[in-house]
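Student: First to last, the protein sequences are chains A and B.
Taking my numbering, the leading residue of the first sequence gets 1, the next gets one more, and so forth.
Taking my numbering, the leading residue of the second sequence gets 1, the next gets one more, and so forth.
These are computed hints drawn from the structure, not numbers from a lab.
Backbone N, C-alpha and C define an ideal beta-carbon position, used for all residues, glycine too.
Check before you lean on any hint, since a few could be wrong.
[What the hints assert, rightly or not] Distance ranges between label pairs, derived from CB positions:
| no. | chain 1 | residue 1 | chain 2 | residue 2 | range |
| --- | --- | --- | --- | --- | --- |
| 1 | B | V200 | A | N160 | 44 to 50 Å |
| 2 | A | E448 | B | A292 | 17 to 23 Å |
| 3 | B | V200 | A | S482 | 48 to 54 Å |
| 4 | A | T376 | B | A292 | 34 to 40 Å |
| 5 | A | S487 | B | A213 | 22 to 28 Å |
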Amino acid sequence: MSEAVLEIENLVTEFPTRRGVFRAVDDVTLTVRHGKTLCVVGESGSGKSVTARSVLQIVDHPGRIASGRVLLHRHRTARAQEGGEEDTLDLAKLPPRGNEMRAIRGRDVAMIFQEPMSALSPVHTIGNQIVEAIRLHETMSKKAAWARAVDLLRQVEIPNPEAAAKRYTFEYSGGMRQRAMIAMAIACNPSVLIADEPTTALDVTIQAEIIDLLRKLQADTGMGLMFITHDMGVVAEIADEVAVMHNGRVVERGEPLAIFERPQEPYTQRLLDAVRRLDTPSERRLAMRATNPPSSPVLTVDDMAKHFYITGGLLGMSKETFVAVRDASLTLRTGENLGIVGESGSGKTTLGRCIQGVQRPTEGKVLYTDKAGRTTDLARLREHELRTAWRDIRMVFQDPFSSLNPRMTVGQIVGEPLLMAGTHSGAALRRRVGELLEVVGLPANAAERYPHAFSGGQRQRVGIARAIAPEPRVIIADEATSALDVSLRIQILDLLLDLQERMGLSFLFISHDIAVIRYFCDRIAVMHRGRIVETGETEAVCTNPSHDYTRSLLSAVPVPDPRRRGKTVRHRYVEDKASSTAA
Amino acid sequence: MTVQDVVPTASVPDAEHASQWRLMWWAFRRHRLAMIGGTVVLIFYLIALFCEFLSPFSPNSTSARDVFHPPQMLRLFYKDENGDRAFGLNVQAMTQKRDPFTLQTTFVPDPDRRIFIAFMGRGEPYKLWGLIPLERRLFTAANPKERFFLLGADRLGRDMLSRILYGTRISMTIGLVGVALSLILGVSLGGISGYLGGKVDAIIQRFVELILALPTIPIWLGLSASLPQDWSPLTRYFAITAILSLVGWTELARVVRGRFLALRTEDFVIAARLDGASRRRVILRHMAPSMASHIIASVTLAIPLMIIAETSLSFLGLGLQPPLISWGVLLREAQNVQTISQAPWLFAPGAGVVLAVLALNFLGDGIRDAADPYAQGQSA
């Protein structure tokens, strides 16, 4: 076991609130070792980010470190002078705004964040920002610092680093920005790098590349890495040591193999159980399909395309066309779950909205067959004509916060479609809303409360209650579980399956998360740059993908099993030049 | 992670049932300066409402003996005939003396004479709100023949305190009426602009920019100078408010348009459309409540601008004209150096303007900060 570089001992970080002091970090003890990776894993609100921020004393106002020590052993790092005199510093004792603390940040302990766009300056070139970071801590001429910056960009595998250094943040893609951020963080050879959910905002294929990069840099420099994540797959991929956090406490620490195979704490067991169940087809769903197989098509999308026109220039004279979805053809059968999977910008959300008719497709047909067997083309209808179809085709949104009007009570929100359809009013409406809330597992008294009284998972249940209120036949769920923690995710998916059995629903389930699709969907359509590249039975596609893009997507998904680390062969999907420039 | 996520809401059960207005009130209450500002504004409007009752004398009754009478100190005690201290509100009387050489008039205290002040005493008769005939006033001279001047007198011997209290009514309400007009213009044009978007939006926005590009003061001057001189003071009052709001609506139109654009793409608005709500209902039931608080905040911040505009116009002689009394009209008396040296108390209405504008600005800031109680991290 290599030597400890950073030791967090009995750290307590508190936030004074109106209702008393809240302990975000409660007696946390962690060790980051030279050349090793410590993964801090936990769900939202577990205090993992606050722990990381406490190390550098950049906790958001009004939080403060109440007690504990954060020991940085500078003599044990690569930078230490020969002879290795004892040089240990308690970071928790330094004044947060003092010179000493500033000298530590970026030099000895560097940090990278989830959202690289907001962490990088939009008005300076990437090169200049790295030069700035170098020259803050080391005396070096501008020219030498620039050369070093270019070298760093090369290290983080940014193509053509000389030219890339002269570009601005907005000219970089999300993955490139995170690479630039890493280049800046490692500019002064820090002994510890704290990575706070560095890949959460990125697509899986880019996530896999960033993780590879961090691992390679660690092997080169021997820095200790503190990697904060909520994703057990990433943990299995990168961790040398794991700390599981829950409600501000470290509930379990240990080697990844031990944690994954012999979790001691009930919380860890529950977490891993949820993760493992997600990656396999739901037994409930398979049983349902065996007794009641999907029948006739309810929604048929035929060669649909959606173009956006970007007007620019003086008085909107110049027009550019952006093709968000092209030649999309899909069939959703009654009682079937169809998954649409793709990375950000693949056009899956636009596809969902066009099918529903919130946005008008530019070309093609969206054929909906109603209960009576009549088929209409939704793509040709105007908004007031769509209202009857919208009672049958409902939507569940991704963000449980912005999709519920904060100024209406839950009862009003759930009752709105019923009131608009004119089917219920007065006491009958209240009774029906009560029933719906019960169906989605919310207490009946929830109706009088406002959305802000509920947690993310409960809010998503409210959104589902609203969706099923007019007894629809099809539900389009756009990333309906993405904003939720993994244990909640499976609960919501089970609820949706439950509703499917009760009401005979069909789902169009849009997600970037293959595990969720695998659990929930019978068939899958893979989207890439506005095009559906592959369609098929979920298991068939997941085990034996036929398209190169699908193969690269699947191979990039981190597997929550530390034994399989390094055993999956990663495919990189490279498009031919013509199609990538066109899109 | 926000603190909001983790503090169990169960500890404050009423927060779960709290509507947006209650949450706003909680957020507003924590803004101390705004609470003070709000109280001051409330007092000002109470004064405006009851100025006839609050002022000791009629604002237009002149007195040749009291030209430029200096302010008198209010006293609680006096010495009665036996030389004992007795309680009773009074001021020391002053007599006018003329310097035999320079002919300058000065006021010297007359130690033997005091003017007693009656609480709820009978004074000059007046009509409250021009309707209810009354003669009791909160404070007035016990002897109806005597007068006292807590804030001095002007060049016609009129009581400045009474005049300032009357001025409050017009100065504070011209803001309200003006803003109400701007509100109608701003909300409708901004709403149309934001909801329809496209060409209509572009035209309305260019028009707003055009108006914003025009220099305001020359326009006000020009428009008010062109008002016919023979209009009644009341007609003039409304004409001036209309002129002020012609410029004031642009800011509101932009706020409303911005909120509209931001809300139109919110998930919950799309959800409302999918629920089958008509366009009207989407706007009125789902979008308007989110905008109301922001609109109230901008309105509160627009009133002080109106007050200042009215004061400046009237000060220049182009706004309201006597016999109407507003702070601007009163300040016109303090236009020359002679007055400043002889009767500095004529500046007192200026203090009213400063106080009212500051209080309204603090109030507006507080409302603006509280306007979105659902913003991250604010509700904890």
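Student: A separate judgement is required for each hint: does it hold in the structure or not?
Tutor: Hints and how they fare:
1. V200(B) with N160(A): 44 to 50 Å: holds, 46 Å
2. E448(A) with A292(B): 17 to 23 Å: holds, 21 Å
3. V200(B) with S482(A): 48 to 54 Å: violated, 37 Å
4. T376(A) with A292(B): 34 to 40 Å: holds, 39 Å
5. S487(A) with A213(B): 22 to 28 Å: Violated, since S487(A) and A213(B) (Cβ atoms, about 58 Å apart) do not stay within the stated range.
Figure legend: structure checked against the earlier numbered hints; hints not met, in rising order: 3, 5.
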